[in-house]
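Protein chains: 2
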Amino acid sequence: MAPFLFSIAKEPRAVTNFSVQPSIPDITSHSLEELARHLRLSVGTVSRALNGHPKVSPATRERVREVARATGYVPNPLARGLSAGKSGLVGILFSHFVNSVSGSFLIRLVKLLEAVELRPLIKIGNPLAESNSDIIKDFAMMKVEGVIVIGSHLDGDTPTMRPLTDAGIPYASLNLGGPPAMAHCVQYDRPAAERKLVRHLLELGHRRFALIGFYMQSYSFVSRMEGFHAALADYGVESEVEVTPFGSLRGDEESTFDYGYRMARQMVKEGLNVTAALAGNDEVALGAIRYFQTHGVPVPEAISVAGFDNLGFSAHTTPSLTTIDLEIDRTLELVLELLMGQIAAPQPLPPRPILIEPGVIFRDSTGAVAPPFRKRKRR
Amino acid sequence: MAPFLFSIAKEPRAVTNFSVQPSIPDITSHSLEELARHLRLSVGTVSRALNGHPKVSPATRERVREVARATGYVPNPLARGLSAGKSGLVGILFSHFVNSVSGSFLIRLVKLLEAVELRPLIKIGNPLAESNSDIIKDFAMMKVEGVIVIGSHLDGDTPTMRPLTDAGIPYASLNLGGPPAMAHCVQYDRPAAERKLVRHLLELGHRRFALIGFYMQSYSFVSRMEGFHAALADYGVESEVEVTPFGSLRGDEESTFDYGYRMARQMVKEGLNVTAALAGNDEVALGAIRYFQTHGVPVPEAISVAGFDNLGFSAHTTPSLTTIDLEIDRTLELVLELLMGQIAAPQPLPPRPILIEPGVIFRDSTGAVAPPFRKRKRR
DNA sequence: GGAAAATTCGCAAGCGCTTGCGAATTTGTT
DNA sequence: AACAAATTCGCAAGCGCTTGCGAATTTTCC
Numbered sequence: 040m041a042p043f044l045f046s047i048a049k050e051p052r053a054v055t056n057f058s059v060q061p062s063i064p065d066i067t068s069h070s071l072e073e074l075a076r077h078l079r080l081s082v083g084t085v086s087r088a089l090n091g092h093p094k095v096s097p098a099t100r101e102r103v104r105e106v107a108r109a110t111g112y113v114p115n116p117l118a119r120g121l122s123a124g125k126s127g128l129v130g131i132l133f134s135h136f137v138n139s140v141s142g143s144f145l146i147r148l149v150k151l152l153e154a155v156e157l158r159p160l161i162k163i164g165n166p167l168a169e170s171n172s173d174i175i176k177d178f179a180m181m182k183v184e185g186v187i188v189i190g191s192h193l194d195g196d197t198p199t200m201r202p203l204t205d206a207g208i209p210y211a212s213l214n215l216g217g218p219p220a221m222a223h224c225v226q227y228d229r230p231a232a233e234r235k236l237v238r239h240l241l242e243l244g245h246r247r248f249a250l251i252g253f254y255m256q257s258y259s260f261v262s263r264m265e266g267f268h269a270a271l272a273d274y275g276v277e278s279e280v281e282v283t284p285f286g287s288l289r290g291d292e293e294s295t296f297d298y299g300y301r302m303a304r305q306m307v308k309e310g311l312n313v314t315a316a317l318a319g320n321d322e323v324a325l326g327a328i329r330y331f332q333t334h335g336v337p338v339p340e341a342i343s344v345a346g347f348d349n350l351g352f353s354a355h356t357t358p359s360l361t362t363i364d365l366e367i368d369r370t371l372e373l374v375l376e377l378l379m380g381q382i383a384a385p386q387p388l389p390p391r392p393i394l395i396e397p398g399v400i401f402r403d404s405t406g407a408v409a410p411p412f413r414k415r416k417r418r
Numbered sequence: 040m041a042p043f044l045f046s047i048a049k050e051p052r053a054v055t056n057f058s059v060q061p062s063i064p065d066i067t068s069h070s071l072e073e074l075a076r077h078l079r080l081s082v083g084t085v086s087r088a089l090n091g092h093p094k095v096s097p098a099t100r101e102r103v104r105e106v107a108r109a110t111g112y113v114p115n116p117l118a119r120g121l122s123a124g125k126s127g128l129v130g131i132l133f134s135h136f137v138n139s140v141s142g143s144f145l146i147r148l149v150k151l152l153e154a155v156e157l158r159p160l161i162k163i164g165n166p167l168a169e170s171n172s173d174i175i176k177d178f179a180m181m182k183v184e185g186v187i188v189i190g191s192h193l194d195g196d197t198p199t200m201r202p203l204t205d206a207g208i209p210y211a212s213l214n215l216g217g218p219p220a221m222a223h224c225v226q227y228d229r230p231a232a233e234r235k236l237v238r239h240l241l242e243l244g245h246r247r248f249a250l251i252g253f254y255m256q257s258y259s260f261v262s263r264m265e266g267f268h269a270a271l272a273d274y275g276v277e278s279e280v281e282v283t284p285f286g287s288l289r290g291d292e293e294s295t296f297d298y299g300y301r302m303a304r305q306m307v308k309e310g311l312n313v314t315a316a317l318a319g320n321d322e323v324a325l326g327a328i329r330y331f332q333t334h335g336v337p338v339p340e341a342i343s344v345a346g347f348d349n350l351g352f353s354a355h356t357t358p359s360l361t362t363i364d365l366e367i368d369r370t371l372e373l374v375l376e377l378l379m380g381q382i383a384a385p386q387p388l389p390p391r392p393i394l395i396e397p398g399v400i401f402r403d404s405t406g407a408v409a410p411p412f413r414k415r416k417r418r
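Heads up: the sequence lines are chains W and F, in that order. Numbering of the first sequence is given in my numbering, commencing with residue 40 and proceeding in unit increments. Numbering of the second sequence is given in my numbering, commencing with residue 40 and proceeding in unit increments.
Derived by calculation from the structure, the hints in this document are not laboratory data. Where hints are given, some of them may not hold.
One copy or two, either will do: identical chains are not told apart, so a pair holds if it fits within one copy or between any two.
[Unchecked claim] Mimicking EDC-like on lysine to aspartate or glutamate, the simulated pairs with C-alpha atoms at most 16 Å apart in a straight line are:
no.	residue 1	residue 2
1	Lys125	Asp364
2	Lys150	Glu376
3	Lys235	Asp273
4	Lys150	Asp368
5	Lys150	Glu372
6	Lys176	Asp205
7	Lys176	Glu156
8	Lys125	Glu156
9	Lys235	Glu396
With these hints in hand, go ahead and build the complete structure from the sequences.
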């Protein structure tokens, strides 16, 4: 892999035409009837064997499955769905703000589903909508075997999930934005995460905080404040600490890079005297850092900044970002597990919310308060 | 939205239980038969009206559709699929390396499909695999109405698409990594893009280039070299220019941030004397920039760096990244258009590849070569 | 060998929709 | 009013699979 001098390619760009392929995979699969004839069994028995009915002996069940596998038989999902109300499909209602993480959510989820031989039927919902009942309805019609909701509904996923329970459709949700719900969901213990983060900052000597990029009515804000408060109590420093929120009172502001940038500008303009800024997510944090850096407020020397999300990117920024890690992979696995449990269960399970305590990743965007304590900001 | 002093929330974290919902959306939709009864028409006629058969008068066709819309009738996709071999599904074979962009590809595509009332059936393929015939087979079994391939197969998407044409399944592909193919696909004119970029750098005075993070056998490398060469010819500077590739001879190295970082380190270690580095993609470029910045090689003062992709992020890094914009949205629309055209066509259309010439976005990571021409790098 | 238990068979109905056909009905034309 | 053309109707078959039932067959056990 040593570098080598390169002679510039001169050949004209080739247009590859279809080459003749030796083996064309046969795309049409045979039917149950054929399989049965081949096995010298009746269609009914074969069907029952495939579906693991108790009335068929273990011996033939295995034999049937064996041959099915060997001949590459796969039941027609549509027919199966029509007839038995099973489709091998699981609906994924993705109702989260689109950012750099959200896409990988989907990809990972699709991969996980592949492993359990389920097909994803993806719909993009609206996080701001009351409920996404149209989508749920479509799922029901497609006879999905379950539904996964990746949701950041401000009021929780309850309205979305209610129709699911009513229809007896197994579901599991990843509650990304709303308050904890008594549902089959996985959610983050935001207060706990915040508490860890703030304890760290307190130890570094910070006493004056800004909160940026929050929708103030949202659970995500309230919950993090709760954690904040807990940390202050841990150290008994409530009276020394000042906290100023630079947030929004409207729910429709996206938590973007630009938003963080603007909030930081506002902070600087107002000459806000803080040593640490806690952002609603990584994008906001990075936007703020960008503004600070380009306007004479070095991070973390003059101000420490922390995010929330741990985007793939945040480890590689300058400075790298202290943030809270959502551990997407593990979380999604839990969600799927929750769903599979319900699908397998003979009767509806009682809701069992799972709380995940996210870890805090300390990186370079947070540091100790400098000895002269408050470095005067230029401008 | 002015900041305000905040009193820390003390209420305990509330667990919202399912509140009683006033309106439970009815999930079970009525059948064709009901619709027919309601319309005082026969099932056959209604079905034909809905599907736009010629034998039904325009008047009743409209009436039927009107009532169907009003009552919220949606035909059962499974039954329809079983009976007519149509499922309203389109298979999406996503066979691209996963990075920060790839996810948004999916989300955008799903949204586009929603607009034309098609459901996506997503499968993640392997860009390194010969063909993804298993997946294609599954698509065929699900009676998809078409397939969209988002592919970065090094050898083009041909092997994947061949079975599709054989099976008469409409498809359209976004060829992200392979050589141009005579297929229904959209692809980028990489040489043209590279040419624009390099012309720009030549004008800025650059004469010594490094290429980082390429798989040297790949079309993406070869094609970009072609554009490189064209730019040199444009200015007649072939003889003055030196170009050193820092790439890989293995196809399985991912084009990641870390990879760019390592390549940059290698460049510096070897004391490579260049003023501009062209990266295989944005992540690699940003990784390289990070290394340079943290090791005494200011960007763009000592070295200009350009990417390829235009991640959402690249506008917001420090420095912001000069890169080539893939215009995902427009491109995906074209792909879908291509597919819809085929679905609508009574008989197979001849392949019509569409070439997109991506634009170059000049930002802060590239600049003029400094007057002392070569700034001595530390270390 | 014979009765009970366990399997398997055949058959039929059904999932909700499409499609083709001849017959019945409506509409338009002269 | 008579006839042709255009619609619509009813009916039936079928898409590939599931499911329930009584009957036929095989296995198991004493």
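Each hint tested on the structure:
no. : hint            : verdict
1   : Lys125 / Asp364 : neither (37 Å within a copy, 43 Å between copies)
2   : Lys150 / Glu376 : within (14 Å within a copy, 27 Å between copies)
3   : Lys235 / Asp273 : within (10 Å within a copy, 59 Å between copies)
4   : Lys150 / Asp368 : within (11 Å within a copy, 24 Å between copies)
5   : Lys150 / Glu372 : within (11 Å within a copy, 25 Å between copies)
6   : Lys176 / Asp205 : within (12 Å within a copy, 35 Å between copies)
7   : Lys176 / Glu156 : between (23 Å within a copy, 14 Å between copies)
8   : Lys125 / Glu156 : within (13 Å within a copy, 22 Å between copies)
9   : Lys235 / Glu396 : within (10 Å within a copy, 49 Å between copies)
Comparing the model with each earlier hint shows a violation of hint 1 alone; every other hint is respected.
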